[in-house]
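**Q** Given chain A, work out where chain B should sit, using these hints.
What follows is the residue order along each chain.
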Amino acid sequence: GAVVSQHPSWVICKSGTSVKIECRSLDFQATTMFWYRQFPKQSLMLMATSNEGSKATYEQGVEKDKFLINHASLTLSTLTVTSAHPEDSSFYICSAPSFTGFRNQPQHFGDGTRLSIL
Amino acid sequence: QQQVKQSPQSLIVQKGGISIINCAYENTAFDYFPWYQQFPGKGPALLIAIRPDVSEKKEGRFTISFNKSAKQFSLHIMDSQPGDSATYFCAASIWNTDKLIFGTGTRLQVFP
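Quick note, the sequences are listed as chains A and B, same order.
Following the numbering used here, the numbering of the first sequence begins with 6 at its first residue and continues without gaps.
Following the numbering used here, the numbering of the second sequence begins with 2 at its first residue and continues without gaps.
Chain B extracted, bound-state conformation:
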């Protein structure tokens, strides 16, 4: 029940296309859902985050869609660029611990 399931494991997108990564969870105690981007040999960097009281949040080319009833959330990267090639992790935080539970990661490759 503490897991966050993430798919796909890897994703190949052409430059200018839309990258979509999906996550699902079971624990209704999760109330904060961030997405992180990680380049090889570096720590994760926060991209965008959402709380369950909104269904969508957009920051630049990055959008989180959140479906509370389905317990699913997704990251959309519009106009994907080669520089977006990285590993993306969704995560969830439980309200009373602030611990982050990470998804398994998606390796995104954007080809010119």
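Here chain A stands alone, though its shape is the one from the complex:
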């Protein structure tokens, strides 16, 4: 089945550090990937849509200069949290559609990256 891999799974760093999270589709190509943020015991909130070969599309209220997205190839999208602060601590999850069904569905999710900023 379709597999999406995220790396790292957990990162702890000091305030002011920039952190890069990778999202890879392992057995299929994805021209579109999605990045979500999830706070403890809450739902997933879409942050941005990553588009291969073009700029990402950000949801309202998401700072594009804070959360840099690069979709460098058909199997890799990266999210960089720049100058991270404690309020950026969260669970970040990516997804990619496998194109085996209906349009861009179903979406397959990675196992997430837990980011803790001290």
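Simulated from the structure, these hints should not be mistaken for laboratory data.
Note that the Cβ used here is the ideal one computed from N, Cα and C, for glycine as well.
Some hints could be false.
[Claimed, not checked] In silico DSSO-like pairs for lysine-lysine, Cα to Cα no more than 27 Å straight-line: (1) A/K71 with B/K43; (2) B/K43 with A/K46; (3) A/K69 with B/K100; (4) A/K19 with A/K46; (5) A/K69 with B/K43; (6) B/K58 with B/K69; (7) B/K16 with B/K69; (8) A/K71 with A/K25; (9) A/K46 with B/K100; (10) A/K19 with B/K6; (11) B/K16 with A/K19; (12) B/K43 with B/K58; (13) B/K59 with A/K19; (14) A/K25 with B/K43; (15) A/K25 with B/K100; (16) B/K72 with A/K46; (17) B/K43 with B/K16; (18) A/K71 with B/K100; (19) A/K60 with B/K100; (20) B/K72 with B/K16; (21) A/K69 with A/K46; (22) B/K100 with B/K43.
[Claimed, not checked] Short, incomplete list of chain B residues facing chain A, as computed with Cβ under 10 Å: (23) K43; (24) A92; (25) S94.
[Stated by the list, open to error] Some chain A residues near chain B, calculated using beta-carbon distances under 8 Å: (26) S48; (27) L49; (28) L51; (29) T54; (30) G58; (31) P102; (32) Q112; (33) F114; (34) D116; (35) G117; (36) I122.
**A** Just chain B now, with coordinates in the frame of chain A:
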């Protein structure tokens, strides 16, 4: 209008029982409705999905019931097992964006 309302927030079911989770939406532009299962520290995994041209879809112990006129859909888990204990999210996708709008989640606990 972009919201998907989900209930209950938490659910406790005995082993072998039926778990029922409900979702409702307002936006008629939604045309794809998946259910996801999430275990702690993991990403959501697709369970089952439905499009509005059918009223019911069944896969194993999981059934989606869809009521287009009422703009409601529900997940039924038959013969619930302790291994089903997880958080369940309904979601909806708008036809021209493919973005998934998630419900608030239901924490299911199945006791032996």
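**Q** Does the CB of A/Q112 sit less than 8 Å away from some CB of chain B?
**A** Since the shortest Cβ distance to chain B is 6 Å, the answer is holds.
**Q** Please work out if B/K43 and B/K58 have their alpha carbons no farther apart than 27 Å.
**A** The hint holds at about 26 Å.
**Q** Does A/K46 lie within 27 Å of B/K43 when you go C-alpha to C-alpha?
**A** 13 Å, holds
**Q** Are A/K46 and B/K100 close enough, with their CA atoms no more than 27 Å apart?
**A** Answer holds: A/K46 to B/K100 is near 21 Å, not above 27 Å.
**Q** Have a go at the A/F114 hint: is there a Cβ in chain B nearer than 8 Å to its own Cβ?
**A** Constraint on A/F114 satisfied, holds at 4 Å.
**Q** Min Cβ distance, B/A92 to chain A: is it shorter than 10 Å?
**A** Hint holds; B/A92 Cβ to chain A Cβ min 8 Å, cut 10 Å.
**Q** Was the hint right that B/K43 lines chain A, CB cutoff 10 Å?
**A** 5 Å, holds
**Q** Checking one constraint from the list: CA of A/K19 to CA of A/K46, max 27 Å. Satisfied?
**A** Given pair A/K19, A/K46 holds - Cα atoms ~24 Å apart, limit 27 Å.
**Q** Would the hint on A/S48 be counted as holding, given a Cβ-Cβ threshold of 8 Å to chain B?
**A** Because about 5 Å separates A/S48 from the closest Cβ in chain B, which is inside the 8 Å limit, the hint holds.
**Q** Next pair to validate is B/K43 with B/K16; report whether the Cα-Cα distance is within 27 Å.
**A** Holds, at roughly 24 Å.
**Q** Are B/K59 and A/K19 close enough, with their CA atoms no more than 27 Å apart?
**A** 48 Å, violated
**Q** Would you check the hint for A/K19 and B/K6, treating anything up to 27 Å between C-alpha atoms as holding?
**A** At roughly 37 Å apart (the allowed maximum being 27 Å), B/K6 and A/K19 break the hint.
Checked against the numbered hints listed earlier, the structure breaks hints 7, 10, 11, 13, 20, 30 and 36; every other hint is satisfied.
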